[in-house]
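Novice: What follows is the residue order along each chain.
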Amino acid sequence: DAKTTQPNSMESNEEEPVHLPCNHSTISGTDYIHWYRQLPSQGPEYVIHGLTSNVNNRMASLAIAEDRKSSTLILHRATLRDAAVYYCILRVVNNAGNMLTFGGGTRLMVKP
Amino acid sequence: NAGVTQTPKFRVLKTGQSMTLLCAQDMNHEYMYWYRQDPGMGLRLIHYSVGEGTTAKGEVPDGYNVSRLKKQNFLLGLESAAPSQTSVYFCASSYTDAAAGPQHFGDGTRLSIL
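So the protein lines, in turn, are chains A and B. Each residue of the first sequence is one higher than the one before, counting from 266 in the working numbering. Each residue of the second sequence is one higher than the one before, counting from 105 in the working numbering.
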């Protein structure tokens with residue numbers, strides 16, 4: 266199964282951009298790259314996903330390396346509300362279907 | 105905008121007791137999932153369902169059973185609770201295969217087994 270590697274924690278200043286890296290060197294050609302975040306005492310929240318091309322939505326941007334072995338989640342202007350654990354996830358195929366496997370994630374701390 | 109609703113939000117059980125956690129979604133999603141999250145760790149998949157009347161095992165299914173009698177509901181049962189099942193349980197749903205679309209999560213059920 267393809268795995269992801271993320272830094273345990275990162276810090277950012279409020280209103281500055283944040284780049285959250287993720288390495289997935291064993292990704293297969295059909296694996297989607299998903300990002301979720303989890304605020305304290307809440308369930309995970311979908312942020313963005315992509316396959317090959319860079320993606321943008323109202324929450325963030327996803328930059329995918331040309332060889333797909335790494336990706337970066339970009340928060341354009343961090344706010345205090347963006348302090349959360351961010352999970353980079355690849356599809357995991359098992360005998361019965363396509364699941365998402367959550368790793369340890371990156372804890373983002375935002376300083377005022 | 106209810107989305108995914110989990111009940112109860114908190115529960116304390118004694119070892120050996122049984123209980124059922126209820127998950128309800130109002131988005132007409134086919135896929136539903138139960139995860140557990142232990143302190144300081146990511147989520148692990150317990151069971152999932154790809155449609156009404158179907159269930160399947162995930163990564164950590166032992167000690168749990170599930171049922172999907174109605175499309176909008178997914179029940180997680182603990183027949184004989186053990187302290188190792190103390191955790192936060194999250195339910196999720198998605199309109200399509202998880203690989204291509206987002207999962208929508210509830211706010212969790214915090215379960216303590218004494």
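If you are wondering where the hints come from, they were derived from the structure by calculation, not from laboratory data. For glycine and all other residues, C-beta sits at the position ideal for the given N, C-alpha and C. Each hint should be verified, as a subset may be incorrect.
[Stated by the list, open to error] Just a few of them, taken from the derived set where beta-carbon distance is under 8 Å, the chain A residues facing chain B:
id: 1; residue: Gly294
id: 2; residue: Tyr297
id: 3; residue: Tyr311
id: 4; residue: His314
id: 5; residue: Gly315
Novice: Look at each hint and say if it fits the structure.
Specialist: Verification of the hints:
With a least beta-carbon distance of about 12 Å to chain B, the hint placing glycine 294 of chain A at the interface is violated under the 8 Å criterion. Taken as an interface hint, tyrosine 297 of chain A checks out: its beta carbon lies about 5 Å from the nearest beta carbon of chain B, inside 8 Å. The interface hint given for tyrosine 311 of chain A is met, as the beta carbon of that residue sits about 4 Å from the closest beta carbon of chain B, less than 8 Å. At about 7 Å, the closest approach between the beta carbon of histidine 314 of chain A and any beta carbon in chain B falls short of 8 Å, and the interface hint on this residue holds.
A least Cβ separation of about 11 Å between glycine 315 of chain A and chain B goes past the 8 Å threshold, and the interface hint is therefore violated.
Hint check: violations occur at hints 1, 5; the rest are consistent with the structure.
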